[in-house]
Amino acid sequence: MPYTVKTFSQTSEAANALSSARRTHYMAGGTLIMRAMNEGDQSFDTVIRSTDPTLSQIKQSAARIEIGAGATMAQVMASSELAFLHSAAHAVGGPAIRNIASVGGNLFARCPYGDFTAALLVLDATVSVAGGYSGHDMPLEEFLAVRNREPHQLVSAISIARPATSDAFRFLKFSRVKPARKSVLSIAAHLPQSGGRVSGARIAYCGMAETPIRVPAVERSLEGKPLDEASIAQACAVACEGTSPSTDPIASDWYRREVAPVYLKRLLMGQTSRRA
Amino acid sequence: MTKSPLQFRHNGKDTAVFVEGGENLLSALRGETGDTTLKYGCGQGSCGACTVLIDGEIHLSCMTLAETCAGKSVETLDGLADGPNLHPLQTAFMENFSAQCGFCTSGMLMAAKALLDRNPSPTRDDVIEAIGGNVCRCTGYEPIINAILDAAGRRSDFSAQRR
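Here the protein sequences come in this chain order: A and B. Following my numbering, the numbering of the first sequence begins with 18 at its first residue and continues without gaps. Following my numbering, the numbering of the second sequence begins with 154 at its first residue and continues without gaps.
Fair warning: there could be bad hints in the mix.
One-sided excerpt, in silico: chain A residues whose CB lies under 7 Å from chain B [what the hints assert, rightly or not]:
| no. | residue |
| --- | --- |
| 1 | 22 |
| 2 | 25 |
| 3 | 27 |
| 4 | 52 |
| 5 | 53 |
| 6 | 54 |
| 7 | 110 |
| 8 | 112 |
Computed footprint of chain A on chain B; a stretch qualifies when at least three of its residues, placed anywhere within it, have a C-beta under 8 Å from a C-beta of chain A [said to hold, decoys possible]:
| no. | region |
| --- | --- |
| 9 | 169 to 177 |
| 10 | 198 to 211 |
| 11 | 277 to 286 |
Derived from the structure by calculation, the hints contain no laboratory data. Remember, predicted model here, so these are calculated numbers, not experimental data. Quick reminder that beta carbons are idealized off the backbone N, C-alpha and C, glycines included.
Put together the whole structure using the sequences plus the hints.
Written as structure tokens, this is what we have:
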């Protein structure tokens with residue numbers, strides 16, 4: 018079925034077009050929308066695009082970094098300022114996919130896709146939404162909770178906190194086929210330490226619920242403790258609390274629950290995905 | 154639905170076609186230019202059979218909106234050989250028995266070309282990484298990896314011949 022493609026030079030124009038018609042979708046890199054169009058998805062008939070160069074900018078301030086929603090995973094991997102995110106960006110598809118897959122688009126990927134979003138979750142991410150005639154910012158967790166109910170929003174940027182130290186951020190993806198296949202699950206962690214004890218732990222999974230999620234039970238169990246065998250064992254004991262993994266051709270929900278503590282333990286003990 | 158004109162460079166030649174709204178580059182190349190060297194595998198960006206180079210960068214043509222290629226340079230397997238002279242990658246694939254059913258070969262060759270264009274002396278890990286988005290269900294990948302490493306050694310000679 019042919020679609021109408023409308024391309025705008027300004028993000029605000031694209032946002033207005035997106036919010037003013039019902040059967041529309043916004044296309045960033047295309048990994049989600051092109052697939053839908055190739056399959057003849059008839060739930061929409063119009064595709065909105067924006068060529069606004071600000072959508073792919075990466076801006077830095079002292080404490081935070083703003084990544085344009087249109088920035089691709091390849092751009093993230095080419096940015097020395099985002100070196101801590103290279104392993105998470107590398108977890109997204111193969112080289113060709115990373116040339117189009119955008120940071121903003123990853124927020125809309127259904128699990129087990131969306132590995133990069135788990136990384137953003139532990140970095141206190143906020144999402145800038147350019148919906149209709151006014152924009153607003155919202156925490157990423159809140160955005161993920163409503164993304165399916167409010168599909169006509171255009172994400173323009175994602176702001177993240179810099180990791181406390183270079184080794185405070187960790188990311189681990191588990192897939193059956195390497196290097197570039199769907200994940201069984203992926204885990205991101207931000208584990209700042211003060212006086213040898215974890216302070217302000219943030220842990221997130223992709224693949225363990227409908228959207229990437231934080232894992233408060235694990236975060237609580239690590240808080241104020243040194244990262245040693247005992248605290249890691251306690252964290253792993255509650256690894257699946259609050260999760261609801263699904264069954265798909267990659268893994269059953271049972272299998273995901275079985276391997277989550279294993280990979281959480283590996284991550285906490287310092288094993289991470291390869292940095293490209 | 155009316156078609157829109159699209160102009161781009163296809164294997165070094167100026168090309169003009171008409172595309173439907175939402176049509177992907179794979180469909181436009183196969184249907185409008187007759188270049189069937191790139192294959193329709195999954196249409197989901199999962200197999201790599203439709204791999205092309207756009208302005209020198211590796212892309213999946215099934216995931217590429219055709220109209221976004223206006224004014225750009227698109228390279229496919231059809232333009233890899235220089236007349237009767239095979240590209241070193243093609244020769245290496247042949248000599249290493251790197252194709253069985255052949256359906257992935259076009260995408261593998263373009264992914265390999267993208268790698269060798271930016272890294273003429275790749276390691277084995279570099280090759281594995283470069284073809285990470287391309288699926289082969291026949292060969293077990295080893296002959297393909299070996300061929301790409303083999304071609305890396307021949308490529309400088311080939312480039313010298315073409316100058």
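Okay, the hints, checked on the actual structure:
1. 22: At 5 Å from the nearest chain B Cβ, residue 22/A passes the 7 Å test, so the hint holds.
2. 25: Hint violated; residue 25/A Cβ to chain B Cβ min 14 Å, cut 7 Å.
3. 27: This interface hint is violated because 18 Å lies over the 7 Å limit.
4. 52: Check passed: Cβ of residue 52/A comes within 5 Å of chain B, closer than 7 Å.
5. 53: Violated: closest Cβ of chain B sits about 10 Å from residue 53/A, beyond 7 Å.
6. 54: 5 Å, holds
7. 110: Because about 6 Å separates residue 110/A from the closest Cβ in chain B, which is inside the 7 Å limit, the hint holds.
8. 112: 5 Å, holds
9. 169 to 177: holds (count 5)
10. 198 to 211: Satisfied; 5 residues make the cut.
11. 277 to 286: Coverage by chain A holds for the region 277 to 286 of chain B (6 residues, Cβ < 8 Å).
In this structure, the hints that do not hold are numbers 2, 3, 5, in rising order.
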